[in-house]
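With these hints in hand, go ahead and build the complete structure from the sequences.
Protein chains: 2
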Amino acid sequence: MINKLTKRIKETGAPVVVGLDPMLQYIPEYILAGAVSEKGESLEAASDAVFEYNKGIIDAICDIVPAVKPQIAMYEQFGIPGLYAFKRTVDYSHSKGLIVIGDVKRGDIGSTSEAYAAAHLGKVRVGTASFKPFDEDFATVNPYLGSDGVKPFIKICEEEKKGLFILVKTSNPSSGEFQDRLIDGKPLYEWVARQVDSWGSSLMGDSYSYIGAVVGATYPETGKILRGIMPKAFILVPGYGAQGGKGKDLAHFFNDDGLGAIVNSSRGIIAAWKQEKYASFGERGYAEAARAAAKDMIEDIQQALESRH
Amino acid sequence: MINKLTKRIKETGAPVVVGLDPMLQYIPEYILAGAVSEKGESLEAASDAVFEYNKGIIDAICDIVPAVKPQIAMYEQFGIPGLYAFKRTVDYSHSKGLIVIGDVKRGDIGSTSEAYAAAHLGKVRVGTASFKPFDEDFATVNPYLGSDGVKPFIKICEEEKKGLFILVKTSNPSSGEFQDRLIDGKPLYEWVARQVDSWGSSLMGDSYSYIGAVVGATYPETGKILRGIMPKAFILVPGYGAQGGKGKDLAHFFNDDGLGAIVNSSRGIIAAWKQEKYASFGERGYAEAARAAAKDMIEDIQQALESRH
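Just so you know, the sequences run in chain order C and F.
First residue of the first sequence? That's 1 in the numbering used here, and the numbers climb one at a time after it.
First residue of the second sequence? That's 1 in the numbering used here, and the numbers climb one at a time after it.
There may be inaccurate statements among the hints.
Said to hold, decoys possible - FRET-style restraints, in silico, Cβ to Cβ:
| id | chain 1 | residue 1 | chain 2 | residue 2 | range |
| --- | --- | --- | --- | --- | --- |
| 1 | F | D257 | C | E159 | 28 to 38 Å |
| 2 | F | P173 | C | S130 | 22 to 32 Å |
| 3 | F | S37 | C | G244 | 54 to 64 Å |
| 4 | F | S95 | C | G185 | 48 to 58 Å |
| 5 | F | D63 | C | S130 | 31 to 41 Å |
| 6 | C | E159 | F | P173 | 17 to 27 Å |
| 7 | C | D256 | F | K4 | 54 to 64 Å |
| 8 | C | K274 | F | E159 | 25 to 35 Å |
| 9 | C | D59 | F | I64 | 29 to 39 Å |
| 10 | F | D180 | C | S201 | 19 to 29 Å |
| 11 | F | G97 | C | S130 | 31 to 41 Å |
| 12 | F | K246 | C | K274 | 52 to 62 Å |
| 13 | C | E221 | F | K186 | 40 to 50 Å |
It should be emphasised that the hints constitute simulated quantities derived from the structure, not laboratory data.
By construction, the Cβ of each residue, glycine as well, lies at the ideal position given by its N, Cα and C atoms.
As structure tokens, this is what we get:
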């Protein structure tokens, strides 16, 4: 899967992933009203509206970006029907040729991480039959529990040829509270990064490892250091756009081959129709607005990569 | 909810929570076969079998313990149908008067943690209606992202009078890999514990805070130190029994009032019928075996608490 991701990034020229994190306030009123007229004010209506909205965006961006990243919390908040919309979003994205990064940030003790890994990247057996419950291509993982919480995910990645992005330095303002604390003179995130490099070294694709990292766009200087510590890890970079990250901040997250990072934008793309810049698309043009915003983001990042030479 | 937990622990004399972490291999063959005969070899059959099995255990232990702790990964591995079994388990536990600790170990950036908090402890609005998606009483939370990942959970706890157990020192063998690293001379878990104490200080029940901590039974010396750092935090203690923790290791997790900790056992109770000690119950007596194992565990802990005086 890491080879496929690399290939699709080269083909599209877009080291960009669209975060499908639908909040109800991003969804045009007519979509929610349509779902409510069918199913009443219910979690089922919210689920239908979320999927309908995602479908429009997926159709509009599937030829210009390699991947989408649904954030499962935004689905889990609508209970079982919401998780059904998550599953439909994963499946529909696959049908359109997109790689799916499940932003699930799971992580637990060994036997429990095994279950999460099966849920999101692997399969489960019931009697003689086997099933792929959610079937994303990559998942994000929280490292706080250490190696035995991460290794069950790595094992499934090896079996299924899938991948991980492990939280190293997150994009939020208080990420430094624990992640930046110095241990033997180096911040915790560097120690986690060393482990990511080590976990990934035995699970290499053609040029990058199956095991990547999450490093926030909001900390560009940190990105530069972490790029050096994990030369073979793909870095998933959240925090572009709405959270404050800009193209020029991102050049250091990439290797000299122009690869090694994939930048996420969620709100900035999926809710573009609500921004003044894209308001002319109107609510019925929300998907085209998302496409325009994705194109602008791709251009911003391409320029940043070119201007560093 | 922390007051209710304290009250129920006093009433039952059992600072014990039963971990409802059903793996298919724990479930008696006749239960799975029954579900498969109705729904074929499917995720739906696994879901029915899991719930049926849980129901038997809940019926057998609901009068002797205050709480259950379903581990969501064990349900998530069966996809949407599995999560439906999770929801049915939460609801059925409530109908039997049990407090439910959702072992979900969620944690993300602020807006995303908000969605997780709504999913598990709060409510969501769809139009003019509101819904409680999973509706546990407590949830476990991963602190790696720092305060702004935790505070949305705290806010919902205040609104809904619910509670948290924040991962401080986990029970698994490699928990020390990051959690034990020294920062200014103290291990990371102590810094997290200080934050738990501070987050919890503004959200007090009658004698304990709404905001508790997870500290593994497998690290009793650490438990003693952390008890001192977080005097008002209830400590959820996993790792008893199958993971190696024993009653005598647990005394230091409690305060002098005999409260302040609740010890979890999963496998050791729910799969007791598979142990030699309880084998005479047979597979059809799996629920009675669980009751017997829960009683033995309660006695072990009561003795440990008495013998410390």
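* To do: Against the structure, test the hints numbered earlier, and report the numbers of the ones violated in rising order.
  => Structure breaks hints 1, 9 and 13.
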